Amino acid sequence: MATRRSSTTKEKKTLTNVDSTASGEKEEKLQRSHQQRTSIVFSFLGVLAFFFLVAIVKIKHSPYGPNALRSHRKQQQDSVSSHNNNIMLPPNSIYRLSVEDGQGSPLSLEKFAGMVSLVVNVACK
13 MATRRSSTTK
23 EKKTLTNVDS
33 TASGEKEEKL
43 QRSHQQRTSI
53 VFSFLGVLAF
63 FFLVAIVKIK
73 HSPYGPNALR
83 SHRKQQQDSV
93 SSHNNNIMLP
103 PNSIYRLSVE
113 DGQGSPLSLE
123 KFAGMVSLVV
133 NVACK
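Per the numbering used here, the sequence shown starts with residue 13, numbered consecutively.
Hints were generated in silico from the structure; no laboratory data involved.
Everything numeric in this text was worked out from a predicted model, so none of it was measured.
Mixed in with the good hints, there may be bad ones.
With a straight-line cut-off of 25 Å between C-alpha atoms, the simulated SDA-like cross-links for lysine to any residue are [as the list claims (entries may be wrong)]: (1) K123 with L109; (2) K72 with V53; (3) K70 with R49; (4) K70 with F56; (5) K72 with V59; (6) K38 with V59; (7) K41 with V53.
Taking CB as the label site, the calculated pair distances span [what the hints assert, rightly or not]: (8) S51 with I71: 28 to 38 Å; (9) A34 with F64: 19 to 29 Å; (10) L60 with E37: 57 to 67 Å; (11) E40 with I68: 56 to 66 Å; (12) F124 with K70: 28 to 38 Å; (13) V59 with C136: 40 to 50 Å; (14) F63 with A34: 18 to 28 Å; (15) R49 with K70: 45 to 55 Å; (16) V66 with S110: 48 to 58 Å; (17) S129 with F54: 52 to 62 Å.
Glycine included, every Cβ here is placed at the ideal spot set by N, Cα and C.
Assemble the whole structure, with the sequences as input and the hints as a guide.
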């Protein structure tokens with residue numbers, strides 16, 4: 013009987029060692045997969061930050077950036093008055109008409125010559 017007990021005790025110890033080895037391997041695998049996921053997430057965030065910075069730099073140095081658009085709009089407004097004097101209008105052009113503005117004072121459409129215009133009839137009875 014003593015030999016039987018010792019053999020079962022040895023088997024239990026062997027099984028315990030196998031279980032602890034298996035659980036240690038599982039922990040290592042879990043730790044490696046966690047590290048891989050973490051490195052992938054940080055790599056993705058790094059790439060995302062890089063593209064964000066590139067977009068910011070491109071917008072700032074783009075001809076369509078906020079400062080460029082403001083200066084272009086100001087130049088356009090300044091040149092409209094001088095540009096209108098140089099435009100030759102045909103005799104039946106809409107820009108030769110004069111209309112009333114919202115306050116009832118006459119407004120010459122000639123100052124809009126050379127620009128894209130949209131005329132909307134909002135009259136009602």
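For each hint, the structure was consulted:
no., hint, result
1, K123 with L109, "holds (11 Å)"
2, K72 with V53, "violated (29 Å)"
3, K70 with R49, "violated (32 Å)"
4, K70 with F56, "holds (21 Å)"
5, K72 with V59, "holds (20 Å)"
6, K38 with V59, "violated (31 Å)"
7, K41 with V53, "holds (18 Å)"
8, S51 with I71: 28 to 38 Å, "holds (31 Å)"
9, A34 with F64: 19 to 29 Å, "violated (45 Å)"
10, L60 with E37: 57 to 67 Å, "violated (35 Å)"
11, E40 with I68: 56 to 66 Å, "violated (42 Å)"
12, F124 with K70: 28 to 38 Å, "holds (34 Å)"
13, V59 with C136: 40 to 50 Å, "violated (57 Å)"
14, F63 with A34: 18 to 28 Å, "violated (44 Å)"
15, R49 with K70: 45 to 55 Å, "violated (32 Å)"
16, V66 with S110: 48 to 58 Å, "holds (51 Å)"
17, S129 with F54: 52 to 62 Å, "holds (54 Å)"
In the structure shown, a violation is registered for the earlier hints numbered 2, 3, 6, 9, 10, 11, 13, 14 and 15, in ascending order.
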